[in-house]
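Whole structure, please, built from the sequences with the hints as guidance.
Number of protein chains: 10
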Amino acid sequence: MITDRTQVTAMIQSAKVKKGVKWAHVADLIGQSKEWSTAACLGQMAMTKEQAEKVGDLFELSDEAVAWLQIAPYKGSLPTAVPTDPLIYRWYELVNVYGTTLKELIHEEFGDGIMSAIDFSMDLQREPDPKGDRVSVVMSGKFLPYKTY
Amino acid sequence: MITDRTQVTAMIQSAKVKKGVKWAHVADLIGQSKEWSTAACLGQMAMTKEQAEKVGDLFELSDEAVAWLQIAPYKGSLPTAVPTDPLIYRWYELVNVYGTTLKELIHEEFGDGIMSAIDFSMDLQREPDPKGDRVSVVMSGKFLPYKTY
Amino acid sequence: MITDRTQVTAMIQSAKVKKGVKWAHVADLIGQSKEWSTAACLGQMAMTKEQAEKVGDLFELSDEAVAWLQIAPYKGSLPTAVPTDPLIYRWYELVNVYGTTLKELIHEEFGDGIMSAIDFSMDLQREPDPKGDRVSVVMSGKFLPYKTY
Amino acid sequence: MITDRTQVTAMIQSAKVKKGVKWAHVADLIGQSKEWSTAACLGQMAMTKEQAEKVGDLFELSDEAVAWLQIAPYKGSLPTAVPTDPLIYRWYELVNVYGTTLKELIHEEFGDGIMSAIDFSMDLQREPDPKGDRVSVVMSGKFLPYKTY
Amino acid sequence: MITDRTQVTAMIQSAKVKKGVKWAHVADLIGQSKEWSTAACLGQMAMTKEQAEKVGDLFELSDEAVAWLQIAPYKGSLPTAVPTDPLIYRWYELVNVYGTTLKELIHEEFGDGIMSAIDFSMDLQREPDPKGDRVSVVMSGKFLPYKTY
Amino acid sequence: MITDRTQVTAMIQSAKVKKGVKWAHVADLIGQSKEWSTAACLGQMAMTKEQAEKVGDLFELSDEAVAWLQIAPYKGSLPTAVPTDPLIYRWYELVNVYGTTLKELIHEEFGDGIMSAIDFSMDLQREPDPKGDRVSVVMSGKFLPYKTY
Amino acid sequence: MITDRTQVTAMIQSAKVKKGVKWAHVADLIGQSKEWSTAACLGQMAMTKEQAEKVGDLFELSDEAVAWLQIAPYKGSLPTAVPTDPLIYRWYELVNVYGTTLKELIHEEFGDGIMSAIDFSMDLQREPDPKGDRVSVVMSGKFLPYKTY
Amino acid sequence: MITDRTQVTAMIQSAKVKKGVKWAHVADLIGQSKEWSTAACLGQMAMTKEQAEKVGDLFELSDEAVAWLQIAPYKGSLPTAVPTDPLIYRWYELVNVYGTTLKELIHEEFGDGIMSAIDFSMDLQREPDPKGDRVSVVMSGKFLPYKTY
Amino acid sequence: MITDRTQVTAMIQSAKVKKGVKWAHVADLIGQSKEWSTAACLGQMAMTKEQAEKVGDLFELSDEAVAWLQIAPYKGSLPTAVPTDPLIYRWYELVNVYGTTLKELIHEEFGDGIMSAIDFSMDLQREPDPKGDRVSVVMSGKFLPYKTY
Amino acid sequence: MITDRTQVTAMIQSAKVKKGVKWAHVADLIGQSKEWSTAACLGQMAMTKEQAEKVGDLFELSDEAVAWLQIAPYKGSLPTAVPTDPLIYRWYELVNVYGTTLKELIHEEFGDGIMSAIDFSMDLQREPDPKGDRVSVVMSGKFLPYKTY
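In order, the protein sequence lines correspond to chains A, V, S, P, W, H, E, F, D and G. Residue 143 in my numbering sits at position 140 of the first sequence, and the numbers go up by one each step. Residue 52 in my numbering sits at position 49 of the second sequence, and the numbers go up by one each step. Residue 63 in my numbering sits at position 60 of the third sequence, and the numbers go up by one each step. Residue 134 in my numbering sits at position 131 of the fourth sequence, and the numbers go up by one each step. Residue 29 in my numbering sits at position 26 of the fifth sequence, and the numbers go up by one each step. Residue 148 in my numbering sits at position 145 of the sixth sequence, and the numbers go up by one each step. Residue 108 in my numbering sits at position 105 of the seventh sequence, and the numbers go up by one each step. Residue 19 in my numbering sits at position 16 of the eighth sequence, and the numbers go up by one each step. Residue 110 in my numbering sits at position 107 of the ninth sequence, and the numbers go up by one each step. Residue 102 in my numbering sits at position 99 of the tenth sequence, and the numbers go up by one each step.
Among these hints, one or two may not hold up.
[To be verified] Negatives, chain S to chain A, calculated, CB over 12 angstroms:
(1) 9
(2) 10
(3) 43
(4) 65
(5) 139
[Stated by the list, open to error] Chain V is nowhere near these chain A residues, computed Cβ spacing over 10 angstroms in every case:
(6) 6
(7) 7
(8) 18
(9) 53
(10) 56
(11) 61
(12) 73
(13) 150
[As the list claims (entries may be wrong)] Dumping the calculated DMTMM-like pairs for lysine to aspartate or glutamate here, alpha-carbon to alpha-carbon at most 25 angstroms:
(14) 25(H) x 130(H)
(15) 19(G) x 31(G)
(16) 21(F) x 53(H)
(17) 21(S) x 53(W)
(18) 21(V) x 63(V)
(19) 25(E) x 136(E)
(20) 150(D) x 126(D)
(21) 21(H) x 31(H)
(22) 21(G) x 56(V)
(23) 21(A) x 66(D)
(24) 21(D) x 31(D)
(25) 25(W) x 67(W)
(26) 25(G) x 136(G)
(27) 150(E) x 136(F)
(28) 22(P) x 112(S)
(29) 150(H) x 136(F)
(30) 21(W) x 63(E)
(31) 134(E) x 7(G)
(32) 134(S) x 126(P)
(33) 57(S) x 63(A)
(34) 57(A) x 112(V)
(35) 57(G) x 112(G)
(36) 150(V) x 31(D)
(37) 22(A) x 63(A)
(38) 22(F) x 67(H)
(39) 19(V) x 60(S)
Quick caveat, the hints were computed from the structure, so don't treat them as lab data. Backbone N, C-alpha and C fix where the C-beta goes; we use that ideal spot for every residue, glycine too.
What follows is the structure, given as structure tokens:
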């Protein structure tokens with residue numbers, strides 16, 4: 004009996020290690036970006052029936068698990084409010100160090116409002132560099148203004 | 004008596020509102036990107052003597068405040084571990100929702116290690132869009148591999 | 004020297020008690036709803052120059068304070084993550100008790116996405132009732148779907 | 004052996020996904036609003052014997068589970084004090100941003116007291132809008148005045 | 004400039020120590036119970052104009068302070084979520100040890116609902132006892148049932 | 004293998020729901036108040052051998068479970084420091100709102116010291132009231148003075 | 004204007020450093036143990052009028068401060084729930100490491116109940132030891148049994 | 004498969020209740036104080052091979068469990084930073100109320116440094132008293148001075 | 004089904020106790036330092052295929068477990084933000100007491116930046132000392148300067 | 004009036020920035036290592052009279068401040084349990100990632116016990132390296148074994 008999406012995430016992670024599948028392969032299979040596809044497999048996005056079935060075939064999931072992939076999940080992928088994993092912590096640190104900077108610059112350019120985390124896309128690339136390759140991430144979110152009423 | 008950098012940040016914020024200065028102007032003045040310049044004014048980066056003096060002139064800071072701008076500050080710009088401000092929270096949410104995705108994709112591409120938050124730069128732009136303009140942020144950090152020893 | 008918006012909020016609250024002003028009067032003055040007007044005076048919204056000046060006249064604020072009213076503020080009006088005030092706690096409790104219900108029903112009606120807290124309006128009314136009058140609040144927020152990419 | 008209501012909630016959620024049941028259907032079945040019915044299935048309300056039995060039939064629950072549905076549950080549906088799920092967080096944010104506004108306006112209209120979260124009802128509707136449909140939620144709670152004694 | 008009720012509470016506490024006033028005397032003065040009167044002076048209740056003026060005279064408060072006493076305050080009298088003071092902690096401990104007992108017995112007697120903390124009164128008395136006098140507190144709150152809708 | 008008292012509490016709660024037993028009946032059975040009896044069944048008090056055996060018979064517990072009922076348990080019945088359940092939260096709120104009031108009044112009457120939460124008894128009754136029945140709780144605890152030494 | 008006891012504690016600590024007074028001297032002066040006397044000066048105990056006046060003379064406190072020394076204070080001397088100071092942390096660690104041991108042994112000897120922290124005394128001595136002198140602390144608290152009722 | 008010491012502690016606690024063993028008996032068996040022996044059985048100390056085997060025989064533990072008893076455990080016996088159990092909380096309260104007192108008196112006697120919680124012993128005794136027996140605990144720890152270097 | 008690396012860590016810890024293996028032996032086996040090897044076995048580092056297979060043979064792990072050893076793990080080895088174990092707490096205390104000192108001295112020597120915790124190695128040795136042997140730990144991390152851009 | 008050591012730390016930090024003093028210079032002046040000297044100036048160590056006077060002369064402190072430097076301070080230099088400053092966080096991360104490794108290796112070499120954070124010294128050096136200079140820190144603490152008693 005599957006009672007929540009994290010169980011399906013665990014099944015996928017287990018199968019992925021056992022089979023040595025790559026996220027890039029999952030992305031190809033369902034015709035979405037590797038960023039969205041990974042987030043969806045890790046329990047952060049709802050899949051269409053077709054996407055879920057392809058992922059189910061790849062990871063040999065039960066019908067029940069495939070049904071869960073199509074349900075909007077309870078999101079949030081981190082076990083603690085301040086992440087302990089060094090890679091993820093660096094992103095939290097960026098928000099902590101640059102948070103007020105992002106706020107000031109977005110307000111200076113757009114006025115009061117936010118950058119959407121929903122109408123949002125992300126693209127992660129390797130940026131070759133003689134001093135050591137870099138991780139380059141482009142984040143794009145719609146600006147949503149606060150309205151008066 | 005100034006006893007910590009947050010007091011200088013408060014002086015700059017106060018003067019900026021009173022004078023109606025823009026961050027883009029500060030960036031021009033000290034010849035750095037608007038991202039770095041804003042972070043430096045908000046107490047997250049140490050300035051050179053020359054930068055600090057220009058900023059001091061602009062915001063009419065005391066010599067003591069100008070000295071503090073050149074000291075490596077105790078960093079972290081947020082008053083709470085989970086930020087309450089909606090704009091900054093969206094960034095925290097992105098780390099929460101996409102944190103494990105970033106981890107998986109960076110490891111898939113580069114192996115075990117992290118993306119540096121120190122050897123790092125950021126560029127924020129307005130991306131015109133007929134459905135509503137977007138905020139586009141490019142983040143670039145050196146990949147640092149864990150080493151065996 | 005004003006160094007952050009909460010100082011202006013305190014000035015407004017102090018003047019409001021001293022003068023016995025009503026929020027409904029502030030709303031009339033600036034031509035917005037009482038909900039938006041109160042939130043703006045309590046440091047959660049940025050005002051236009053004209054609104055800020057009218058509010059400044061009413062509460063006898065300095066020019067500096069009036070300038071701060073036009074800046075997008077660091078939002079969040081509660082001193083603790085779980086509010087201690089009984090009236091505000093009841094709203095937190097509604098989120099706690101009905102949170103998963105809201106999530107299920109919005110997903111059932113709209114699919115995966117959120118109700119915007121930015122493109123949002125609120126209307127609070129007294130609802131006469133022989134068994135004791137009721138507080139009726141209508142909240143309306145744009146549905147924002149998660150997109151695949 | 005069932006030892007707490009969350010186990011019954013998990014059974015219902017599992018059966019709901021497997022069978023593809025809609026909350027609106029549950030509401031019809033037991034003759035209550037979809038808001039109350041969903042909250043009750045998610046472990047926040049106690050059902051009558053008749054309601055519990057109908058829900059038990061629908062989701063194929065054991066007699067023991069049906070007995071638990073009639074017990075006043077330990078309420079609270081969120082795993083963390085500040086919710087990580089973006090949809091539910093938006094509601095928490097509304098309380099954080101508008102909490103003091105709600106407090107001021109209710110006190111201005113009614114005097115010192117609270118809006119009940121017990122003698123309370125809620126109605127969630129889709130509000131068609133050419134710029135994108137909206138979620139509209141009406142919340143109605145009895146005003147309870149503090150008394151002197 | 005008074006900007007929040009806790010400042011008035013501090014003024015009252017300071018004056019009470021300096022003048023050696025007793026809470027029982029405050030209660031007599033304003034014609035309410037000693038429990039309500041103390042809570043009101045400690046910033047948890049709103050006073051009428053007449054009560055506030057009498058309290059203001061007694062503690063030699065300014066007109067501004069007297070105005071604040073008539074405003075519904077931001078309630079919650081403890082500096083930490085778990086109180087450190089031994090006397091107050093014992094009450095927290097009672098909630099922790101007997102919380103589920105109170106829940107079970109109220110539900111057994113009344114069904115699902117709560118005991119109101121708003122439509123509530125409290126009476127504290129010394130109960131003479133040869134083995135050592137006892138503190139006896141009677142708490143009385145209206146039962147509010149959850150309703151279906 | 005039973006390794007802690009909470010497992011026995013779970014067994015009792017499960018059996019109680021299955022059999023439809025009332026706490027008042029348990030109290031009669033073991034000849035104690037309903038308050039103490041409920042607390043003891045919920046893992047907050049140690050029973051005598053005779054009490055434990057009667058409770059064991061009633062709920063069909065194993066000998067091992069009956070042995071655990073006689074052991075002084077690790078007390079504290081709430082899963083979080085600030086309780087999420089609305090009924091129990093109201094009690095926490097009373098401590099938060101009236102905590103300093105209780106402190107002041109007990110000190111005014113008795114001097115420095117505490118009201119014992121150990122040498123303590125509690126009696127919960129329904130208080131009929133035409134405007135809606137009330138929950139009335141009498142709490143009685145020995146006053147313990149701080150001593151100088 | 005003194006508004007809480009911590010201000011008096013700060014005055015005493017400041018005067019003590021300036022004058023180089025020893026706690027042992029304070030104890031002699033007021034005829035109590037050095038443990039109780041120190042705790043009282045640090046804001047954890049209420050003094051008699053006579054004790055307060057002697058302490059006031061020694062530390063040159065104002066009459067208002069002397070009045071505060073006679074009021075039962077809001078107790079708890081640590082700024083964080085887990086103390087950061089290494090000396091005090093060692094005591095917290097003892098509670099953490101030996102807490103369940105203390106519980107088991109007290110229950111084995113006395114049955115269910117607690118050791119009072121109110122009817123309590125403490126005596127700290129230097130214990131000479133060739134391998135390095137030791138701190139020896141004797142703590143004595145009345146056993147208080149839980150009662151059935 | 005045993006994967007951590009808490010599992011062995013649970014086995015011992017379960018066997019102790021089933022067999023009605025006393026800690027004093029365990030202490031005799033392994034020739035150590037009852038304080039150390041209890042702490043060791045509760046997972047806070049490492050045993051020698053001989054001690055572990057005797058304890059293993061007494062509680063009928065597997066060879067694997069006996070091996071774990073000889074491993075230095077991850078210490079800390081409390082489930083929450085602030086303990087909820089009333090008996091253990093009283094010790095935490097003593098640290099909270101008397102923490103700064105202990106600090107002052109140890110520094111006055113010994114200078115800057117700490118009392119060791121490692122080179123430490125404890126002795127708990129019943130102290131007969133006509134007004135009610137007392138718990139007397141002697142704690143002895145080596146003083147460790149901070150050194151300059 | 005293995006769903007996360009902590010399960011493999013538990014398997015290794017269990018096998019290590021059962022077989023009495025030493026970490027120094029694991030280090031020899033895989034040709035790395037004992038520090039890195041231990042961290043890798045405890046779930047903090049990713050192994051190469053060859054290392055993982057050798058460790059798998061030693062601890063009799065399944066193929067699935069061996070596959071997990073080669074995956075970059077979710078790092079962080081402590082169950083609480085402030086560690087309760089006395090040995091590990093001492094290290095946390097060093098960061099707490101000396102944190103600002105490390106910051107000042109590194110900035111004085113190198114300017115603004117950090118010491119890498121990724122391009123990092125550690126060597127722990129016994130340092131014989133007539134007054135009691137010492138633990139000596141050498142930590143070496145690359146200095147990474149903040150850059151302007 | 005100085006009421007706690009953090010005020011003296013603030014005075015030193017302010018004077019240090021104004022005068023451009025280096026920690027290495029302070030160390031020379033008082034004849035101690037730069038590590039100890041910095042920690043002492045930052046409020047973590049007690050100075051001798053002679054050291055305090057030299058530091059007082061250098062930073063132009065009042066006699067009262069010089070007296071405070073000789074008092075054992077309330078230690079702990081970080082404003083939050085998990086530090087937000089990136090440099091200090093890296094050290095916290097090392098404890099988090101390598102904490103269990105340190106524990107295992109110290110126990111393997113020395114048996115159960117801890118490395119002292121009191122009988123402790125630290126030496127920080129620049130380690131030249133063609134790939135980028137490194138920070139090298141040697142930490143040395145006495146091993147303290149747990150004793151049986």
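Verification of the supplied hints:
Every C-beta of chain A lies more than 12 angstroms from that of residue 9(S), the closest at about 15 angstroms, which supports listing it as non-interface. Every Cβ of chain A is farther than 12 angstroms from the Cβ of residue 10(S); the closest lies at roughly 17 angstroms, confirming the non-interface assignment. Interface exclusion of residue 43(S) from chain A breaks down, the closest Cβ pair being 8 angstroms apart, not more than 12 angstroms. For residue 65(S), the condition that its CB be more than 12 angstroms from all CB atoms of chain A holds, with the nearest at approximately 22 angstroms.
Its beta-carbon lying about 17 angstroms from the closest one in chain A, residue 139(S) satisfies the requirement of being farther than 12 angstroms from that chain. Listed as outside the interface, residue 6(A) is consistent with that label: its C-beta sits roughly 21 angstroms from the nearest C-beta of chain V, beyond the 10 angstroms cut-off. With 10 angstroms as the threshold on Cβ separation, the claim that residue 7(A) sits away from chain V holds: the shortest Cβ distance comes to roughly 16 angstroms. Residue placement check: residue 18(A) keeps its beta carbon more than 10 angstroms from all beta carbons of chain V (closest about 14 angstroms).
The claim that residue 53(A) is not at the interface with chain V holds, since no C-beta of that chain comes within 10 angstroms of its own (minimum 21 angstroms). Under the 10 angstroms C-beta cut-off, the non-interface status given to residue 56(A) relative to chain V holds; the minimum distance is some 22 angstroms. For residue 61(A), the requirement that its beta carbon stay farther than 10 angstroms from each beta carbon of chain V is met, with the minimum near 16 angstroms. The claim that residue 73(A) lies off the interface holds: its Cβ sits roughly 18 angstroms from the closest Cβ of chain V, which is beyond the 10 angstroms cut-off.
Every Cβ of chain V is farther than 10 angstroms from the Cβ of residue 150(A); the closest lies at roughly 13 angstroms, confirming the non-interface assignment. Between residue 25(H) and residue 130(H), the direct Cα distance comes to roughly 20 angstroms. Compliance with the 25 angstroms bound is thereby established for this hinted pair. Distance hint between residue 19(G) and residue 31(G) is fulfilled; the C-alpha atoms sit about 15 angstroms from each other, no more than 25 angstroms. Restraint check for residue 21(F) and residue 53(H): the C-alpha separation of about 17 angstroms stays at or below 25 angstroms, so the hint holds.
At roughly 17 angstroms between alpha-carbon atoms, residue 21(S) and residue 53(W) fall within 25 angstroms of each other, so this suggested pair holds. For the hint linking residue 21(V) to residue 63(V), the alpha-carbon distance of about 12 angstroms falls within 25 angstroms, and the restraint holds. Restraint check: the Cα-Cα separation between residue 25(E) and residue 136(E) comes to about 21 angstroms, which is no more than 25 angstroms; the hinted pair holds. For the suggested pair residue 150(D) and residue 126(D), the alpha carbons sit about 30 angstroms apart, so the restraint of at most 25 angstroms is broken.
A threshold of 25 angstroms between alpha carbons decides the hint, and for residue 21(H) with residue 31(H) the separation of about 20 angstroms falls inside it, so the pair holds. In summary, the hint linking residue 21(G) to residue 56(V) is supported, as the alpha carbons are separated by about 15 angstroms, within the 25 angstroms threshold. The straight-line distance between the Cα atoms of residue 21(A) and residue 66(D) is roughly 8 angstroms, inside the 25 angstroms bound, and the hint therefore holds. With a C-alpha separation of about 20 angstroms, the suggested pairing of residue 21(D) with residue 31(D) holds against the 25 angstroms cut-off.
With a C-alpha separation of about 24 angstroms, the suggested pair residue 25(W) and residue 67(W) falls inside the 25 angstroms cut-off, and the hint holds. For the hint linking residue 25(G) to residue 136(G), the alpha-carbon distance of about 21 angstroms falls within 25 angstroms, and the restraint holds. About 16 angstroms separates the Cα atoms of residue 150(E) and residue 136(F), which keeps this hinted pair within 25 angstroms; it holds. Taking the CA atoms of residue 22(P) and residue 112(S), the gap is about 18 angstroms. The hint holds against a cut of 25 angstroms.
Our distance criterion of 25 angstroms between C-alpha atoms is met by residue 150(H) and residue 136(F), whose separation comes to about 17 angstroms. Using a Cα cut-off of 25 angstroms, the hinted pair residue 21(W) and residue 63(E) holds, with the two alpha carbons roughly 17 angstroms apart. The straight-line distance between the Cα atoms of residue 134(E) and residue 7(G) is roughly 34 angstroms, outside the 25 angstroms bound, and the hint therefore fails. As the CA atoms of residue 134(S) and residue 126(P) are separated by approximately 20 angstroms, the hinted pair is consistent with the 25 angstroms bound.
For the hint pairing residue 57(S) with residue 63(A), the CA-to-CA distance comes to about 66 angstroms; that exceeds 25 angstroms, so the pair is violated. Distance hint between residue 57(A) and residue 112(V) is fulfilled; the C-alpha atoms sit about 23 angstroms from each other, no more than 25 angstroms. Of the supplied pair hints, the one linking residue 57(G) and residue 112(G) is violated, its CA atoms being roughly 43 angstroms apart against a limit of 25 angstroms. Between residue 150(V) and residue 31(D) the alpha-carbon distance is near 17 angstroms, which keeps this suggested pair within the 25 angstroms criterion.
Pair hint residue 22(A) plus residue 63(A) holds up; C-alpha atoms about 11 angstroms apart against a cutoff of 25 angstroms. Under the criterion of a C-alpha separation no larger than 25 angstroms, the hint pairing residue 22(F) with residue 67(H) is consistent with the structure, at around 10 angstroms. Simply put, residue 19(V) and residue 60(S) have alpha-carbon atoms about 23 angstroms apart, close enough for the 25 angstroms limit, and the pair holds.
Hint check: violations occur at hints 3, 20, 31, 33, 35; the rest are consistent with the structure.
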